[in-house]
Every structure is written in C-alpha cells, then in structure tokens.
Amino acid sequence: MSKKVTMQQIADHVGVSKFAVSKALSGKSGVSPDTREKIIHAATQLGYFAQKRNKAPSGRTSASKSQSGSRNTIIVLIPNVRYQTRQSVYWGRIIDGITGSLEEHHLGMMIVTEQITDNFSQLINPEAVLGLVGVGLISNQLLLEVRNLGIPFVLVDHEDPLIPSDALFMNNYECVRRVTNYLLGHGHRSLQFVGNIRFARSFQDRWLGFRSMLEEHNVPLEQDPRLLEFEGLNRSEMTEGLEPVFRDLADRGAMPSAFVCANDSIAICVMTVLMKMGIDVPGQVSVTGFDNIDDAALSQPTLSTVHVNKEALGHRAVETLLWRIENPDSPKEKILLAGDFLLRQSASAAP
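77 is the number that full-length UniProt numbering gives to position 77 of the sequence shown; each next residue is one higher, with no gaps.
Everything labelled a hint here was simulated from the structure, so no lab data went into it.
Hints may contain errors.
[Unchecked claim] List of simulated lysine to any residue pairs, SDA-like, C-alpha gap at most 20 Å:
1) K332 - G47
2) K28 - I163
3) K23 - Q45
4) K332 - H158
5) K334 - F203
6) K18 - T6
7) K334 - P161
8) K4 - V14
9) K38 - G15
10) K23 - I163
11) K276 - R247
12) K38 - Y48
13) K28 - T44
14) K332 - N140
15) K23 - Y48
16) K332 - N148
17) K38 - N140
18) K334 - I163
19) K18 - G47
20) K38 - V16
21) K334 - L137
22) K38 - P164
23) K276 - L298
24) K4 - G150
25) K334 - H158
26) K38 - S22
27) K332 - L137
28) K4 - N148
29) K23 - Q8
30) K276 - T239
31) K28 - N140
32) K332 - T320
33) K334 - H315
34) K28 - V14
35) K276 - G241
36) K38 - A11
37) K28 - L137
Values in this document were obtained by computation on a predicted structure and should not be read as measured data.
Make a model of the complete structure from these sequences and hints.
Here it is as structure tokens:
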C-alpha cells in the first residue's frame, strides 16, 4: 500500500514552503498564479488528489438517498466574467436547460455569480449541496475550493488542465470542420479565421478544426495573426479593433473570400466592417458564425452559423452530474454534443 502524500512532500518537490502549498491547495489567495499552477501540477503527479477522493464525505454515494435526505440543492456556478450572466443570449439558455432538468428531478437550485473568493464555503452550506454545475470560465482557484469541499461537479464549456472533471462541450472541432468544408467545396481558397483563440477553449478548438480542414484540402494556411488575438468586450470594441485590420487587408489586396468566425457576435462585427467598407456580403466575401444566437437570424444579411442547442447542454450537464454522484470513482468524461450548420444568406460560392 502506497504511503500517504503529504503537503510537505509537495512543498519539497516544488521548492516552496508548506504554507504556500496549503494556501494553493485550499483555493485561497496569497500565492502567485505561476506558483499555484506548479503546486497543483505536483500534487496531481504525486497522487495527492487521488487519496483525497477516497476520503470523500459519506452520504454522496447515492443520488436517490441524497435527494430524499438533506442534500437536495444543486449549485449553478456562473462567475460574472466575459459577459457570463443569466441575461446572456448564450449562457442564459444553458441555465434554462439546467433549470428545466432540475425541476424534472425535483431538485433545488442556487445560482452563484461570485468571482474568485476566499470564502466560497461560507456562501453555501456544503451539507445541503448535492452537486455543482460550473458554467463557462471558472478559475482553478475556485475549482480547487469546490473540490476540497467534496462536492461533485461538472463543467459546461470549460475544463481545467490541472483539475480533472466531467466536462461538456459542443463538438467545436468537427462543427467548424463542416463549415470550412462547405466553403472549400464552393470554391473558396482564401479563408481567414476570426476570434481570439486565447479567449476560451471552445475558440481554440474551432480554430484547430478550421486549420485541419485547410490542411486536409491542401489549401495554404495564410492566417493573419492579428485576427487571432484582437481584443474587445463588446461588439462596438470588436468592430473598432477589426476595422484597421480589414482596411489593411484591402489595401494590400489580401482580402479573403471568406471569414470563418469563432462566434456570431464576432461574425456580425465582421459584416458590419465589410459593409462599412462597401464590400458585399456574400457577393464578394462570405461570413460564417457559431452559436446561432437570436441576432444571427435578424442580421442583414442573415448569418450562416452553427446551431448550438444551448438548453440541451444544460440538460445533459444535470444528467451527467447525477450520474457522477452515483458513480464517483468512474473515469472522468468529456461529452461532445453535435451541432447543425445553418446555411443562410451570408455564405455562398466564391466570387
């Protein structure tokens, strides 16, 4: 039988104090992000988290027992960053799916919108919590605190490389491959991806899907790096950030025949800039989006996009969490939901 992994061993392995290890592994502040990452990585390698899992609080082995007992609340954690709010046309629909599924199972719900805090456990009563669904970007510091409380959790549209968990995504990679394949099949050979690939894991996967399909068709990847790193918290800021790049492309005669955008809001900004420059969509340039938000069908021209069944993501997250509660020691799962490419007015054959 292997010996217990201690905080002192982790401290010696990383070369920091035991106090720093305690802070990092409890999800508390006072440790730099770089040091925290090294400590978590070392703890994972040494098996620290595996031994803690074996000591999970009793009473979580049966969802039915928990539901009939004191644990009947599901925490929905959606930190208010990147416009992750209940009112969002994207995130709000996911929460609608979670809400509907919880009602079917006669479970209570508490939405927590706090960002990283040192007293997450004081915001809730862990003894009354059956599990947690994390929606969108959540810091690993907060995820550590949730894990240390012994609360089973599932993540939607996010995963942490240092803290394994069940995670649900759209099949971003394959969906964008399908979009790119359509454009290539209709004569496009000059394409650009638009979206900050550091913004979210889903954006990164969509970029990889775009790139892989070009490689598969032996089409040179001539990606403008500025389109992979531009900033903007809203459409106004994104439009301002994209316009000088597009004007430079036009001045150099490098305007592509198609833009594959990481989401619908970016695609709408792209069309706004193109129309401002007098470029016809889709007559001269095709544009595609991702997510199928309400504005996609209302834009002029209407936006070709990938339909994301947001409510289904929320519903499946609850089902996955309840399964995890019943099967705490089963391997973690990454679940990918398929999406449909909706061809509308903004995409057509290459000019």
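Going through the earlier hints one by one, which of them does the structure break, listed in rising order?
-> The structure conflicts with no hint, since it agrees with every one listed earlier.
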